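Undergrad: Given next are the chains, with one letter for each unit.
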Amino acid sequence: GAVVSQHPSWVICKSGTSVKIECRSLDFQATTMFWYRQFPKQSLMLMATSNEGSKATYEQGVEKDKFLINHASLTLSTLTVTSAHPEDSSFYICSAPKGGGRVESSYNEQFFGPGTRLTVL
Amino acid sequence: KQEVTQIPAALSVPEGENLVLNCSFTDSAIYNLQWFRQDPGKGLTSLLLIQSSQREQTSGRLNASLDKSSGRSTLYIAASQPGDSATYLCAPTGNQFYFGTGTSLTVIP
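In order, the protein sequences belong to chains G and X.
According to my numbering, the first sequence holds residues 72 to 192 in order.
According to my numbering, the second sequence holds residues 83 to 191 in order.
Just chain X, with the same shape it has in the complex:
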């Protein structure tokens, strides 16, 4: 069974800072990896999808990298804003779909 770990569990930064969220997974036999954000009491919003053959994906201020062989992915958020405050989840997809424990991000105005 895939085990997914996200570090740090919680992060609080002042507005404008760049930050990195880390995700590690135990089973490298994945088809792709997605990053999501979840606002309190809400569903999940897909941020980025990296196919297994790709090394990174970018969307606006977000950049995600994937090193499948070492079981790692990072999500880089540039110039953080208060609206970025949410829980961020990574999900490597193999035969099933497992979530990381999440990183709770607070961006302080």
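Bound-form chain G, shown alone:
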């Protein structure tokens, strides 16, 4: 299967600081990547869709000015949590589809990064 990496795997920061999380597709290109957040004992919640060369699409209720997404290249998307607060502490996971070349292809298989554990003190 394909490989998606995330960096860092965990981060602890003070309230009010900004944290950048990287998501890379290591052996394939992805024009689209997805960012999720997962709170303890809950399922993953889609936050936003990262689009290479255009603006990200945010889910309802997700503040785009707080969660900045930049799809810098076909293999890299970054999520920056700005002015982080304790309630932003969560497990952040990215995914990238590989397969059919188009987002709507039935051959697309999603590959997930290992996640980033963010703790805001």
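Among these hints, one or two may not hold up.
Computed from the model, here is a short list of chain X residues facing chain G with C-beta under 7 Å [said to hold, decoys possible]:
| id | residue |
| --- | --- |
| 1 | G125 |
| 2 | Y158 |
| 3 | F179 |
| 4 | G184 |
Label-pair distances were calculated between CB atoms; the ranges are [unchecked claim]:
| id | chain 1 | residue 1 | chain 2 | residue 2 | range |
| --- | --- | --- | --- | --- | --- |
| 5 | X | A91 | G | K126 | 32 to 38 Å |
| 6 | G | A73 | X | P122 | 41 to 47 Å |
| 7 | X | K124 | G | G87 | 25 to 31 Å |
| 8 | X | P96 | G | P111 | 25 to 31 Å |
| 9 | G | E158 | X | A91 | 22 to 28 Å |
| 10 | X | G123 | G | D136 | 35 to 41 Å |
| 11 | G | S80 | X | S110 | 35 to 41 Å |
| 12 | G | Q100 | X | S135 | 24 to 30 Å |
| 13 | G | T102 | X | E97 | 39 to 45 Å |
| 14 | X | N145 | G | P111 | 29 to 35 Å |
Honestly, the hints are just simulated from the structure, not real lab data.
Keep in mind it's a predicted model, so treat the numbers as computed, not measured.
Glycine is no exception: its CB is placed at the ideal position from the N, C-alpha and C atoms.
Given the structure of chain G, go ahead and fit chain X onto it with the hints provided.
TA: Relative to the frame of chain G, chain X by itself:
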């Protein structure tokens, strides 16, 4: 917006049993459906992908079926093992990618 429900939410079985996990979704306009497992504090591992034109997929002891018209998928695990203990998530993929609530499986040795 796609709504995905997985039943049961939690399941505990003795080793060796066969089991079925259920997934239902509200929007049948999907391209494919994936099943994942997630171990505590870890990312997701893809188990099976069923294309929208397919009825089922098999990988080892796992078999997943898809009935797109009725918005249902099942994951069958044969001869369960303690290493199968994890949370299992289904994800029907349409224009976006939504997860089910997950089934937490515990296989007791």
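Undergrad: So, for every hint listed, does it hold in this structure?
TA: Against the structure, the hints:
{"no.": "1", "hint": "G125", "in the structure": "4 Å, holds"}
{"no.": "2", "hint": "Y158", "in the structure": "20 Å, violated"}
{"no.": "3", "hint": "F179", "in the structure": "6 Å, holds"}
{"no.": "4", "hint": "G184", "in the structure": "5 Å, holds"}
{"no.": "5", "hint": "A91(X) - K126(G): 32 to 38 Å", "in the structure": "36 Å, holds"}
{"no.": "6", "hint": "A73(G) - P122(X): 41 to 47 Å", "in the structure": "24 Å, violated"}
{"no.": "7", "hint": "K124(X) - G87(G): 25 to 31 Å", "in the structure": "29 Å, holds"}
{"no.": "8", "hint": "P96(X) - P111(G): 25 to 31 Å", "in the structure": "28 Å, holds"}
{"no.": "9", "hint": "E158(G) - A91(X): 22 to 28 Å", "in the structure": "25 Å, holds"}
{"no.": "10", "hint": "G123(X) - D136(G): 35 to 41 Å", "in the structure": "29 Å, violated"}
{"no.": "11", "hint": "S80(G) - S110(X): 35 to 41 Å", "in the structure": "37 Å, holds"}
{"no.": "12", "hint": "Q100(G) - S135(X): 24 to 30 Å", "in the structure": "25 Å, holds"}
{"no.": "13", "hint": "T102(G) - E97(X): 39 to 45 Å", "in the structure": "44 Å, holds"}
{"no.": "14", "hint": "N145(X) - P111(G): 29 to 35 Å", "in the structure": "31 Å, holds"}
Consistency with the previously given hints fails for numbers 2, 6 and 10, ordered from lowest to highest.
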